[in-house]
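Visitor: Top line first, the protein sequences correspond to chains A and B. The first sequence begins at 1 in the UniProt record's numbering and counts up by one. The second sequence begins at 1 in the UniProt record's numbering and counts up by one.
Simulated from the structure, these hints should not be mistaken for laboratory data. Yeah, the Cβ is synthetic: ideal placement off N, Cα and C, and Gly gets one too. The reader is advised that the hints may include incorrect statements.
[To be verified] Label pairs and their computed distance ranges (CB to CB): (1) B:W300 with A:A294: 55 to 63 angstroms; (2) B:P450 with A:D319: 29 to 37 angstroms; (3) A:D238 with B:T414: 26 to 34 angstroms; (4) A:G132 with B:K265: 36 to 44 angstroms; (5) B:L422 with A:L328: 38 to 46 angstroms; (6) B:S405 with A:G132: 28 to 36 angstroms; (7) B:S258 with A:E220: 45 to 53 angstroms; (8) B:A86 with A:E318: 39 to 47 angstroms; (9) B:S405 with A:A54: 31 to 39 angstroms; (10) A:D238 with B:H411: 27 to 35 angstroms; (11) A:D238 with B:V247: 54 to 62 angstroms; (12) B:S270 with A:D319: 27 to 35 angstroms; (13) A:D302 with B:S469: 37 to 45 angstroms.
[To be verified] Output of the computed footprint for chain A on chain B, the stretches with three or more beta carbons under 8 angstroms from beta carbons of chain A: (14) 92-102; (15) 358-364.
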Amino acid sequence: MRLLWSVRESARHCAGYKFTTNLLLHKRYYKPWGATIGLELHVQLAAAHKLFSAASAKWDDPPNTNVDFVDAGLPGSMPRLNPECVSLAARAILCLNGQVQPRSSFDRKHYFYSDQPLGYQITQQRHPIGRGGFIELGQADGLDYTKRVRIHQLQLEQDTAKSIHGVYPGYILTDLNRAGVALVEIVSEPDMETAPEAVHFVRKMQSLLRHTGVSSCNMEDGSLRCDVNVSVYRGSEDRLSGTRCELKNLNSLKTIRGAIEAEVSRQVELLSNGQRVKQETRGYDAHSGKTVLARSKEAAPDYRYMPEPDLPALHISEDWIKQIRSSLPELPEATLSRMTRQYGLLPEDVATMLGEPGCISFFEHAARGRDPKRVAAWITSEIFGQLSYRAQRLSDSTLTVQQFAGLLDALASNSITSTQAKTLLIEFMDGDKRAAEELIQAHGWKVMSDTRQLQTLVTQLLNEHPREAAEYKAGHKRRLNFFVAKIMAATKGQARPQD
Amino acid sequence: MSRSVRALRLKLSRHAGFQTYAGSRQYRSTFAPITVLEALEAISERNPELNAFASHITPAEANASESSEGPLMDWPIAVKANIATARSSVTSCASRALYAYTSPFQATVVDSLERAGAAVVGKTNMDEFGMGSKNKFSIYGSALNPHTPALVAKQDGMTELDRHTPGGSSGGSAAAVAAGMCRAALGSDTGGSVRLPAAWCGVVGFKPTFGRISRHGLVAYGSSLDTVGIMARDVADVQSVFDIVAVPDPLDMTCMTSSLRARIKALASSRPWITQAHGPNRSESAPLAEIRVGIPEEYWVNELSEPALESWRAGASRLAALGCEVVSVSLPHTPSALPAYYALAWAEASSNLARYDGIRYGRRSDIRPDTRNLQNASQKYANTRGEGFGAEVQRRILLGTYVMSSAASEHYFTPSQKIRRLIQEEFDNVFALPNALSATQPLALSASRPLGVDVLLFPTATGAAPRLSDQEDSRVANYVNDVMTVPASLAGIPAISIPAGHADGMPLGLQLAAQYGDDDLLLCVARHL
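Please model the entire structure based on the sequences and the hints provided.
Guide: Here's what the structure looks like:
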């Protein structure tokens, strides 16, 4: 009786007060309701060619330019497995601590849609290439406790073509460039309990897969897509006892979080009112902050899975797996602990750098013989600031590690000011290819180290602004800034404020 | 070099005793060779009546085309309409859905033939997408059996339906060979589609081991069963074509790799009980000594006609006379083969034919539904497919879709796969040669002769070709035609149909089958039968 009351009460809280929703979703506030969350991620592999054809995998080229016979489903065409995709999938499962299966095979999943040229998708339903593994979430990932989320399986499959609606009224246009591009579907175990855990899981997955060169993993361009399974249970019940709903087409981390929170609230409310949760597929409407029915279980298509008769089973030797394993870069977890130990950096800073492909090696080059903390500070604040301003990736930037090192050295030897250094950085990132020293000379910069000259300037300024000088003497310490600014303006930034 | 000069040179080289071209064995055909121009003449003479070709080239086109020199130089070859040819002709599969479809690429088999000097003279009639055993389900209309006695054919009031079927689905190819309209023809065999029409048209039809010949460019029906097959008037011509097309192909991942071919060859030639299968010095009186032939009891079915049984007996006696040891063997799962075959073939067909939606190529329905409603948009598919496919194809797609549905899959699809496995194991048990696929390590074959047989002998069909009008009301009876041919298809083993006697003037065929990969021994025995 009492339990029932508390259930009702908490549900009323949840339904009645919007602001409690977020609190409710935090782990500590879950009782007496719990949520069970599992993810399915679709990750586009960074392979040059498609999974089963020699066509380029550049799906954003002009429409229908990267199409091989099999991508258009021409009669008599046959799929040929691209080994590059197999090795990327193997990298993915290995960096998730899972096992590459010595034997895997392909299946057909059938449904009619204009984005599916063959009438089926070639996937790995029964024998996936990867099984097992886990992702460990902890402080460095933004959780204040540790959590291990297990990986159920990882399978290779084809992407669909792109349907373009609304360009010509009454027509659906089809771009086959994306048809047959390689994906891996990564299915987690339903180990997550809160929306933040799910978001951190996705974020960590992105960082791992980018780091190992498996995928660019961007939700914005669809190289990472996420479906979420959510069910809820009463505190006393088994955590897998609830009926689950699938949330589809969540295309940002924010949407994932919002959708999970909304769906948990909805299910709790339904159950609290004595109703049932029906198994269905739902979407998320960000405007109303609610999930909406997309497809009921009854309307779900029968995919009629069948072994793919055009492709033999994929056998992978122990030697080959070893080779892939040895070609993997140091994994972020290991990098994190090594970098904090070796350079004395904060885990947050290392984690930030890990999120940017190529950044760790950029740092390690620049930090050779220099103060690592200072290097890290410059990278995480100035360089990242510029990158996000330019919406650029470090790997696409024109800034070289030599230029950056020259800048740091000039700064360390006090031959330029930090203002000048920032200007220099902007010029490097604008595409100036000159070395730091060369550019400093071209600017005619040198720090005004002649203190007598500076003294004269200060005396002159004090005379010009007697009122401000008097105020400073009278205890207005902030008047100092006024004079520093004046001096910087007069010397065009060549003076060091400390002097 | 003009074709006539080349033909002359070919004749001269024969006279001069040139037996082989580089890298290929040359087999002596018992028939006079047919040149491309002779074939085209025969086509213009007989094809209007027989309807064997869906399209064919003209003598002018034949003279204009530049073909390469090779072992098949000046060979006129007919190609079934479901094998992609890039030039000159449609690859329609005898379907309205692909009525005017031309392929931007060519099948690997056709490439190999052309490189060897052969000329594709036309595309042959067939049952739509290979589904049928009478060549009746075709947009081109039925092909006819050339063996119908001319007198009967000209009788007053005789309609086309009173004529005999050439068999199917490669009916056009078989009729073309039988009527001298080509020297050899390519067909496709999913459950007997090469062997059955070959038997009914009185020619040789060979379905090699699955994976021997590339399927790239063969329009899929049941991919795990589909095999490109070869038809010709005798085994020697079949073998000449086979040697050219049975090569590895990276474009078909299910085509045997060269290492698998080498492994099979090593395995086959290491059996101590056959010392000279391919040797030149076989004894004249008993050329097939050392070969053991199995007669499978279960093929003695109720439907088997008296003439077919008689020709089976005669075939067994002939093999015994050639030195073979003939023994009786049992393949108890044979009766389950037919239902299992149909469940699997239809399931794969429903999958393989899903792509014909009229969106990217092929025929599209003119009915324009209102696409603002998604329900209506999918109606477009239904209209296109409903109009594009004939009744038999629709029937098999529907049945195949049902067989694979989540509700029925475990009752039909899964058990059928198990039966298929059992049938494969059963064949492995009767053959003396181990299956190269299941033999994981090099086999130490014992010096003494193992229990099994080398080839199996059984009829190709229960009787001779029926008339097109026969069994009109019984679809099941049509399917029963396949009872002798589907077990070899399910097991992926090689089988060949050879002309063996007549019934009421219509030809009968006998089938030989051998272990997976043992195509060479099979052809060797077939040459003597």
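Visitor: Tell me, which hint numbers fail for this structure?
Guide: none
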